[in-house]
Amino acid sequence: MTDVAQNSIRTRDLNLWYGDFQALKSVSVDIPQGKITSLIGPSGCGKTTLLRCFNRINERYGNVTTTGEITILGKNIYDENVSLAELRKTVGMVFQRPNPLPISIYENIVFGQRVHSRRGSMNRRDADATVQLALEEVDLWKDVKDLLKKKATLLTLEQQQKLCIARLLPLKPRVILMDEPCSALDAEGTEAIETLIEGLREKYTILIVTHNMAQARRASEECIYMLLGEIIEHGPTSEIFLSPKNKQTEMYIEGRYG
Amino acid sequence: MATAEAVEANPPVRRDTGSFRLGESLMVGLIYLCGISSILFVLAIFVFVFGEAAPLLWGDYGFSFKEFATSTQWYPSQPSNPEFGIVALFAGTAAVSVLSMVLAVPLGLGAAVYVSEFCHGKRKETLKIVIELLAAIPSVVWGFIGVMVLSPIIIETTGASIGTNILNGGVILALMSVPVIVSVGEDALKAVPDSYREAGLALGASRWEIVYRVLFPAAKNGLLAAVLLGVGRAIGETMAVLMATGHAVQIPTSVLDPVQTLTATIAAEMGEAVEHGTQFRVLFLIGVVLFGIAFVVNLTADVIVKGIKGKQND
Ligand SMILES: Nc1ncnc2c1ncn2[C@@H]1O[C@H](COP(=O)(O)OP(=O)(O)OP(=O)(O)O)[C@@H](O)[C@H]1O
Ligand SMILES: [Mg+2]
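Here the protein sequences come in this chain order: A and B. All letters in the first sequence, in the order written, are residues 191 to 448 by our numbering. All letters in the second sequence, in the order written, are residues 771 to 1084 by our numbering.
If you're looking for bench data, these hints aren't it; they were derived computationally from the structure. Be careful, since some hints might not be right.
What the hints assert, rightly or not - Here chain A is said to cover these stretches of chain B; the calculated rule only asks that three of the stretch's residues, wherever they fall, bring their Cβ under 8 Å from a Cβ of chain A:
#1 974-980
#2 984-991
What the hints assert, rightly or not - Facing chain A, a subset of chain B residues (Cβ under 7 Å, in silico):
#3 F816
#4 S850
#5 A969
#6 L971
Ideal placement from N, C-alpha and C gives every residue a C-beta, glycine not left out.
Turn these sequences into a full structure, and let the hints guide you.
Take a look at the structure:
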């Protein structure tokens, strides 16, 4: 397994334009397998854009042009024979604002499987077990086990975000992309989600965008600093925070501390 | 002390608040009046219509309510022994409305989904304008189309002897309801937050799966409202069905049978009915029945919408 891909995600000379505006400039980066990598940088530098390349969800806007290469788990995701459904099964995404679907908690968890399995091939008992397992993994089962039929949008934001992570798990993703998953939550919620992410370490490759320097430092093993669509620095988190090689990185990190 | 200082520091704010309050209470009063007046109008119309019909029920008109409710015979202007049975008219309205909904609901919802989810830019704008134009066509014109265009086509393709029939009325009504369903339905779909679509897409759903797994559940109240507005239009529409359904009071046995609807009966016969005579009052009684139908449709809608909400919340 290790020799197949040390790096989960690999980009080479990736450029992206929204219309005439170039949001990503020649991004070449290797994101290691089974680690938590944080993506930091000032607002508007292209963190979300880069993240959204990896499950090709950027393409839903009509005005996006992409050039370059992205390889995930050894496969070029722009290959013609790549199925978007398969890609998105392998690469899960957690959004900035919790966005559980306006259906029951139960249905939210089995949504992915319903989409990916053939009609009628899912049996009730398996589905029940899947739901319990996924909710247990995000530490939500004991809170909601009697509320499974209730609408997911009635949960607290923290619970909603946990649910949004839980619904990825039945699809057995290899990579989980998280775009500021705690920014809509209070301190307690943030802590809970961080603990949860910590627990997912090693089982999944996690790429997490954050504005919170302390969080990047606490939670991630590798860190990428972006500025104006370019990758300025990439290395082990401790090195980036203790002795950044780049002046701009240093300024950003220190600015955020002050 | 602190408050006195604050007030002194900002005297203009205080003055503004005062006039704002006056204006606000005026507005509240006005809005209250508008709200009340709409209730009053509905009540007044009902009292008027029911008032014209009521003498039938206890006056000396030789009118039997039982016969009205159960008879299929409608010979209102027969001088010796007029008959007033609503059943065939009711059947006519039901047949035309049901057929029109069977055609209009899938077409309308499909078009709403297409306009809202599958097309962009110029094409979307053009389609929306065309749909609005469609909604603005007066019902007489639709009647014309039924008689002049659709009728010959129906005769040619089905071999029916009369081209103005349930099929004709149903198609015309469907065409009239579709724009309503599309524009209300599109609004309902547009109101679904984009984050739901992205959630679905990120889990690997296709655009079509997004439509029926995400958008339909998320927008079901709005879509239901769209359908019911369409139903309302179909049941209440008069002029077009008057022209397109072919005036034959009978219980239909096929979609190629001509029928006469409740609304068309009122429109066609009110002019020739003797004022305050039996026929005149019976027509008003049909008006009361239409009121009742409208009420039931709205109530059902309410119950369904509330039912859905209740289920979601408990
Ligand atoms: N759909 C879009 N159309 C046009 N421009 C866009 C679009 N999305 C983002 N941009 C632009 O691309 C640039 C990068 O945006 P992006 O959202 O990736 O930044 P970000 O680093 O995630 O910022 P933040 O920290 O505020 O979330 C910004 O200048 C933004 O204005
Ligand atoms: Mg962002």
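Verification of the hints:
1. Coverage of the stretch 974-980 of chain B by chain A holds [criterion: at least 3 residues with CB-CB distance below 8 Å; count 4].
2. Coverage of a stretch by a chain is defined here by at least three residues with a beta carbon nearer than 8 Å to that chain's beta carbons; for the stretch 984-991 of chain B and chain A the count is 3, and the condition holds.
3. Because the closest C-beta pair between F816 of chain B and chain A is about 38 Å apart, greater than 7 Å, the hint is violated.
4. Checking S850 of chain B against chain A: minimum C-beta separation of about 64 Å lies over 7 Å; hint violated.
5. The interface hint given for A969 of chain B is met, as the beta carbon of that residue sits about 4 Å from the closest beta carbon of chain A, less than 7 Å.
6. For L971 of chain B, the suggested interface contact is upheld, since its CB lies about 6 Å from the closest CB of chain A, less than 7 Å.
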